[in-house]
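Novice: Residue numbers (the numbering used here), protein chains in the order written: chain P, 1 to 76; chain D, 1001 to 1428.
No lab work stands behind these hints, which were simulated from the structure alone.
Computed from a prediction, not measured in an experiment: that's the story for all the values here.
Backbone N, C-alpha and C fix where the C-beta goes; we use that ideal spot for every residue, glycine too.
One or more of the hints may lead you astray.
Here are the simulated distance ranges between beta carbons [said to hold, decoys possible]:
(1) P:25 <-> D:1220: 23 to 31 Å
(2) D:1027 <-> P:25: 50 to 58 Å
(3) D:1322 <-> P:30: 17 to 25 Å
One side only, chain D facing chain P, incomplete, derived with CB under 8 Å [as the list claims (entries may be wrong)]:
(4) 1260
(5) 1279
(6) 1296
(7) 1299
(8) 1312
(9) 1325
(10) 1331
(11) 1370
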Amino acid sequence: MLDLAKLARIKISDEEAENLSHEFESILKYVGEVSKFKKVNKLDKEKSPIRNVMREDGEAHKGRVGGEYIKVKKIL
Amino acid sequence: MTPEEIREKDREIHAFVEVFGEARSFGDGTLSGKTIAIKDNLLFEGHLASAGSKILEGFVAPYDATVVKKLKEAGAIIVGRTNMDEFAMGSSTESSSYGVTRNPHDPERVPGGSSGGSAAAVAAGMVDTALGSDTGGSVRQPAAFCGVVGLKPTYGRVSRNGLIAMASSFDQIGPIAKSVKDVETLYHIIAGQDPLDSTTISDKTYPASKKFSKTIGVPEFSLQNEEVKNNFEEAVKKFKSLGYEVREVNLENLKHALAVYYIIMPAEASSNLARFDGIRYGFHKEGKDSIDDYFETRGAGFGQEVRRRIILGTYVLSSGYYDEYYGKAVEARKLITRELRDLFQEVDLMLTPTTPSPAWKIGEKKSDPLEMYLEDIFTVHANISGCPAISLPSGFSGKLPLGIELTADLGREDNLFAAGKDFLNENG
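Isolated chain P (complex conformation):
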């Protein structure tokens, strides 16, 4: 659980990790029923009429921004 939290870049306590592992057990048991689904080939051909496109970013937000740069700690 602590490794997962590390992947998600969230600091959690040992106690929370312990609780989460119990909770995940019941949640994953419930949602795990989707594994029974068989792939339905004809559905692959169905395309949504909605598609994603990219656009330019809007104006930068305030916060830890200095001029044209985002302020971060020294890396090297």
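Once you've looked at the hints, dock chain D against the given chain P.
Specialist: Using the frame of chain P, we list chain D on its own:
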């Protein structure tokens, strides 16, 4: 109500995170003189926007959400931002970083969620209408718990430019009001294609293939709560007395909708919420180095439910589990959508209760996340398929309101409004 009167009334309910000092119209139109509250995940230029989270502490919206712009043009008086579950993750408004909202019908009970503040503000008469957002039932479920009308429009119908995202393939902004007529009016104001949201649809995207014929399908489901069961049977009788044909229908995979939802939603949320790193927005907690800033900020800035869902999303997307959970859920989603769309070739609408029980006591379900998730059983299919759905007040269990839900085919909000007005006797 004036802002002072709203503040006074809100001491008991806590529907608002903030009631604005100035209450004025920004334009002149259909909503002139009408008051409206907006959920705290919608950007209103120059005002704070927190999505109920500490991590956005102090964040001021740099622009108007498209829906807010449309409200301004229509002359609405935007009176404040309403409380919500943190990042819209919850069914009770208890996970807000800004305190619990109380149900106006019983202050010991939750108003539903995540748009609990918006529903409570309308139910308590503090505003004429409100906007919420609905990712898995977050407009319809609080509307049912508070005895008001709530609509989740077709996916893509309303622009989400300026909505703080939770799960982008489900999220949709929706209106809440005391009547279907008011919900319909507000819907027509906020709907429409928007170049700033490439997922918005045009009127031609889903051409209407079937004429409204007053036919309703009821899928198979089980209910533990006797009063909800009786109330639902009464609603069926009422539709029949109004000349509707109500028949049982079989949707083989609908029962799996909740499992599908609780895989795809956390997956998308974990990805969407990666942007909250303590650098670009709001709250920041110092760590020992750059990467540790992320860990500290996200650990302290996100609440328990948000941490839980991000980590769950990380799990179902992680290599080795991706195919087993996320991959399968995406397949199942297609199947459920196909079944629903086929159903709407046969009948105009699908009818279910909105919730399996009336509003529960504050704190009652907080310790068991799965129990809370199961409350979304009747609402998530609409987000999975993109179909529009409306919750209508259908009576009471004691003093607690109950709701029924109608779902229609993609693009067929008109059928929801027609049947909704019939059910609530709004035509005479």
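Novice: Next, verify each hint and record whether it holds.
Specialist: Hint-by-hint comparison with the structure:
One distance hint, 23 to 31 Å for the beta-carbon pair residue 25 (chain P) and residue 1220 (chain D), holds here, with the actual separation near 29 Å. In this structure the supplied range 50 to 58 Å holds for residue 1027 (chain D) paired with residue 25 (chain P), their Cβ-Cβ distance being about 53 Å. Between residue 1322 (chain D) and residue 30 (chain P), the C-beta spacing of about 19 Å keeps the proposed range 17 to 25 Å intact. Taken as an interface hint, residue 1260 (chain D) checks out: its beta carbon lies about 6 Å from the nearest beta carbon of chain P, inside 8 Å.
Interface hint at residue 1279 (chain D): satisfied, since its Cβ lies 5 Å from the closest Cβ of chain P, which is below the 8 Å cut-off. Given the 8 Å rule on beta carbons, the hint for residue 1296 (chain D) holds: about 6 Å separates it from the nearest Cβ of chain P. Taking 8 Å as the C-beta cut-off, the interface hint given for residue 1299 (chain D) holds, the closest approach to chain P being about 3 Å. Interface hint at residue 1312 (chain D): satisfied, since its Cβ lies 7 Å from the closest Cβ of chain P, which is below the 8 Å cut-off.
The closest approach between the C-beta of residue 1325 (chain D) and any C-beta of chain P is roughly 7 Å, which is under the 8 Å cut-off, so the hint is satisfied. The interface hint given for residue 1331 (chain D) holds, since its Cβ lies 6 Å from the closest Cβ of chain P, which is under the 8 Å cut-off. With a least beta-carbon distance of about 5 Å to chain P, the hint placing residue 1370 (chain D) at the interface is held under the 8 Å criterion.
Against the hints set out earlier in the document, no violation occurs for any number.
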